[in-house]
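Enquirer: Construct the entire structure; sequences and hints are all you get.
Protein chains in written order, with my numbering: chain A, -1 to 330; chain B, -1 to 330; chain C, -1 to 330; chain D, -1 to 330.
In short, the hints are calculated from the structure, not lab data. Don't take every hint at face value.
No copy is singled out in the list; a pair is fine if it fits within one copy or between any two copies.
Computed list of lysine to any residue pairs in SDA-like fashion (alpha-carbon distance at most 25 angstroms, straight line) [to be verified]: (1) K61 / W18; (2) K192 / R131; (3) K20 / N298; (4) K20 / F137; (5) K228 / G41.
Note that the structure is a prediction, hence the values are computed from the model and not measured.
Number of protein chains: 4
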Amino acid sequence: MIAVLKNGVTKEQAESVILWLKNQGVDVHVSEGKYQTVLGLIGDTRRIDEELLGSLEIVETVKRVSEPYKSVNRKFHPDDTIIDIGGIKIGGGNFQIIAGPCSVESREQLCGIAQEICKTGAGLLRGGAFKPRTSPYDFQGLKVEGLDLLVEAKKLTGMPIVTEIMNANHLPYFENVDVIQVGARNMQNFELLKELGKTDKIILLKRGLANTIKEWLMSAEYIMAGGNEKIILCERGIRTYETYTRNTLDLSAIPVIKELTHLPIIVDPSHATGVARYVKPMAIAAAAAGADGLMIEVHNDPSNALCDGAQSLTPAQFADVAQAVEKVRSVI
Amino acid sequence: MIAVLKNGVTKEQAESVILWLKNQGVDVHVSEGKYQTVLGLIGDTRRIDEELLGSLEIVETVKRVSEPYKSVNRKFHPDDTIIDIGGIKIGGGNFQIIAGPCSVESREQLCGIAQEICKTGAGLLRGGAFKPRTSPYDFQGLKVEGLDLLVEAKKLTGMPIVTEIMNANHLPYFENVDVIQVGARNMQNFELLKELGKTDKIILLKRGLANTIKEWLMSAEYIMAGGNEKIILCERGIRTYETYTRNTLDLSAIPVIKELTHLPIIVDPSHATGVARYVKPMAIAAAAAGADGLMIEVHNDPSNALCDGAQSLTPAQFADVAQAVEKVRSVI
Amino acid sequence: MIAVLKNGVTKEQAESVILWLKNQGVDVHVSEGKYQTVLGLIGDTRRIDEELLGSLEIVETVKRVSEPYKSVNRKFHPDDTIIDIGGIKIGGGNFQIIAGPCSVESREQLCGIAQEICKTGAGLLRGGAFKPRTSPYDFQGLKVEGLDLLVEAKKLTGMPIVTEIMNANHLPYFENVDVIQVGARNMQNFELLKELGKTDKIILLKRGLANTIKEWLMSAEYIMAGGNEKIILCERGIRTYETYTRNTLDLSAIPVIKELTHLPIIVDPSHATGVARYVKPMAIAAAAAGADGLMIEVHNDPSNALCDGAQSLTPAQFADVAQAVEKVRSVI
Amino acid sequence: MIAVLKNGVTKEQAESVILWLKNQGVDVHVSEGKYQTVLGLIGDTRRIDEELLGSLEIVETVKRVSEPYKSVNRKFHPDDTIIDIGGIKIGGGNFQIIAGPCSVESREQLCGIAQEICKTGAGLLRGGAFKPRTSPYDFQGLKVEGLDLLVEAKKLTGMPIVTEIMNANHLPYFENVDVIQVGARNMQNFELLKELGKTDKIILLKRGLANTIKEWLMSAEYIMAGGNEKIILCERGIRTYETYTRNTLDLSAIPVIKELTHLPIIVDPSHATGVARYVKPMAIAAAAAGADGLMIEVHNDPSNALCDGAQSLTPAQFADVAQAVEKVRSVI
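Expert: Right under this line is the structure:
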């Protein structure tokens, strides 16, 4: 961390701030220039409050040189992390499509969809059992019964299963779940992240509605700081002023994330756009931009889906998207 | 809810969508015009997926006429809700300032601040015991020990106490807390909201980082749907592209909220701006705009605060702000 | 346009608003339901102020059914518009890359770059002569001299030229320019748009910094309303809270634009990301999402470029990007 | 400007970047630390491209220490600028309300409104003659005829007049206009700003739809760089994702602007909220936050206004707002 002192700061003032910094456990390297004094803070600067330091009377500006995240940082872990889900791999050149209905609604629905998509390109099966809904009056999911149906569908098709957790107390029910999803609204539910850090489960961490890439990586850091290194990041659109799409899909996040961290990143074009007919172009664009996978909503009967039907593809449409993605991937 | 069908829709197509809507439990009133057919949906339209309906081939547009929230809606509860915290009232013309340090750090710190501010305008004492921090390496609060110190400070000064909860499992520790705060990052932690809805505690619900007013009211609805009607809303700035302030304080939310709901609304200028010297103008502006109260960070030694020191006022600065607020309130 | 009246509105109140609407030149079709009265406004509703109507005491809600743009609307012009620039075509399946330096700096620089890129995939040459800069102290372009150099480079290579206009008074200088660019900051400079509508020049209309797709199409409508139908739209990233990239490239705008209008859309990944190493993934993603072309900054010596060097590719890097884009296009 | 080089940079690499910087006309002061080398750039660093420097292979980070604006900077002009409009003063403790209709529609309308508001608190008269409208089909203003009517109203009431310019070619028509407004959509129309910088007219510069405070000050700098120092800034709401209000009024901009520049700042609550009933609370909040004035839309018959009727007050409502503002100002 670098702090530049204002012109005309006295020696006493400078020493006072240096002492204060040293008391916070960092070494301070002083460069006295003709025009200004620059303090280089060395050591564990993660505890230094950048805004507070910048607000001091005698400080002109502060700049954090190193990122506040460590375990997720590619600098200290140059190779891509490859997540292995019972032989199905994501990251480091391995690409997977996670597909399935927004909500698990019935055995018939889930198993029907699963059997179709496993033949046409899906590597993992998704389905919501515990559903976060904006309104308390909306369908909240089949809960434990939904998890049981997912396990059944897994047995039937061999596809590993992905489903969202909303409460760390539910963890015992997730024993047979292969990948536990943290939804956008819980990206900064730090208590949940800490609990997931103590498990050995694979975590799919969605980006929050309006969170920066840095905050997203800090949330991944929460999980890794607990000892769990099996994390897949998922870009799902951010909130902007544009209303033709539900969110604005930030595909630039893909090359940025690949530069900053070794963790794999997948993209969810269904939630990002909220419109079924925009899923195909955004899915192939995500693949072209270098994503490690996709998460796509598929429903056998979108107009009767209990949630998010507007963005669901039919199994036939899914097959078409998966094929187009495959073609694009073959040339990049 | 109103759905307008496209020009040229056949009678069969119209009947098919009407049947589908009726199967979802609503009555449909059809107005056949020369140019278009308008469907008026009557009954419990909360279950109808607006986006899905709008995405159907034959539907031109959909508009929800009534708000999806009910208990928080002023239409069904025209009088202001007044929250009574052991005789200290907020709402319906009653104004309170909640003040105190961002984090509880020690008995000395907390009690010292509490004794000063209770003489200069603070009606309630705030202090964080469980702290949500972006980084896992930042100070996470004194936790239960912090709650004990808050109770001590309450005994000493008589001020009711306000502190944040991050995990419903911690509820037993909050027995002696007067007002439980839900932080911005947990505004859509629906599992937490549901649990708080089952308690009889007063809840201070902060607006999320990038949440709409409608989503905020839906989160309040989650709590009220559980039976707990004691909610105070708190505007604390929203995320925009501007960086001179930490967030953009949305004071227009005050008159909007007062129109839509009967619940009281207070404003937190400290977190909104992130800069101590902007707290005073924003505090008096909030009071002028009709807020029912304020939440202000005060620290005896901001430059050594363990968190958010850059935005904390000293007790003397707080006294000045409280006095200025009082003056403005006396004329509106 | 549909207006829904509030419950309990009297016959007299309803008649008064209907009369007022008719005075504004529209027909009103009334559907009296058991619970509410719906007014269908027919005719030229473009003159009706949607916000004002919605703010009337007795009106519950208003919804515009038809889009406020007409000439750019695909409904009235189902086929793709193909822009023909001296034989070089954009739109309707024709794809072009526009490339060149941000600013024209010298004959050597411009002609050098032009000769390289015309061999490796660029169909048109771009270069700024009149430069919009945030600071009055930044390099403002070579102006007319820059235009002359562009014409020279065109003679040398045969590539049509694209350059930005900032002032309608400069139009006489643009006689030999093939495509006139309207920059993001001038997207709602309506006086400029009107003047361009009177010319027969091809216009490249960039999306404004924080403009909606609807506003963008209304700006295109300004040009078309003047009689000029030769417009190419260019997505160049929108302003959000994220700071790792200069703007957030909104690739979902591609399928949305293709649905709403017949005009071609190209993408500028250089300005969108502001970072040279993110240009390649975003260029191929844009092509995959269905863009009709790309606009890419190329400089022979990015570190000495007079503007926007951070986002410029070298000619060798450009050749690599163009080849990758070609490969992706071959499979979609 | 400070540039921090990466760890492990060789002496040769450092010297190469230093030479390159010196060639761009700045002095470089080198501080070689044990862990990193810090370059302090001295002199006219406004020409250095911060993003480009930061993108160089061997540079870790770059931070601009001084603001890129000079004439508008309070550092070099500590006293408040007071704008004197024929004896009516704004800034430095002087507060004014500018009021009037969105558009000038007729002599009767304008003079009627003017005569009422000049008795109840308005110091200046506003009215649009040249109107920027999103749609080419909307009313575009009475143009020169409108300017003539404004001059008439000024003669009648003595109030100085404020009206918007959209095209520098129209300047000759503005001879009798006291304050020339630059609208939000033209805030970065640099050609217009340059022309206004050459005049001796008072300029009211509105903040752009989604522009940062820094960009806003840079636009003021454009005008001042031309020699015209008579500028009033006007905050009018910024674009966010919230839709209950047309824009989000950023009142925190008031204390920020007062800190950064000596220019006066006024607030337009009418355009910011877009809703007449929110104008009063936001007007008094702006006054409380320290604004130097207000700009408020008033119409004798809002429901028949040719533009923006939804946000206009009646003269009686205006009198009430002006009185409330006066009361708040008396205590701050």
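Enquirer: So, for every hint listed, does it hold in this structure?
Expert: Here is how each hint holds up against the structure:
no.: 1; hint: K61 / W18; verdict: both (18 angstroms within a copy, 23 angstroms between copies)
no.: 2; hint: K192 / R131; verdict: both (23 angstroms within a copy, 12 angstroms between copies)
no.: 3; hint: K20 / N298; verdict: between (63 angstroms within a copy, 21 angstroms between copies)
no.: 4; hint: K20 / F137; verdict: between (55 angstroms within a copy, 18 angstroms between copies)
no.: 5; hint: K228 / G41; verdict: neither (28 angstroms within a copy, 47 angstroms between copies)
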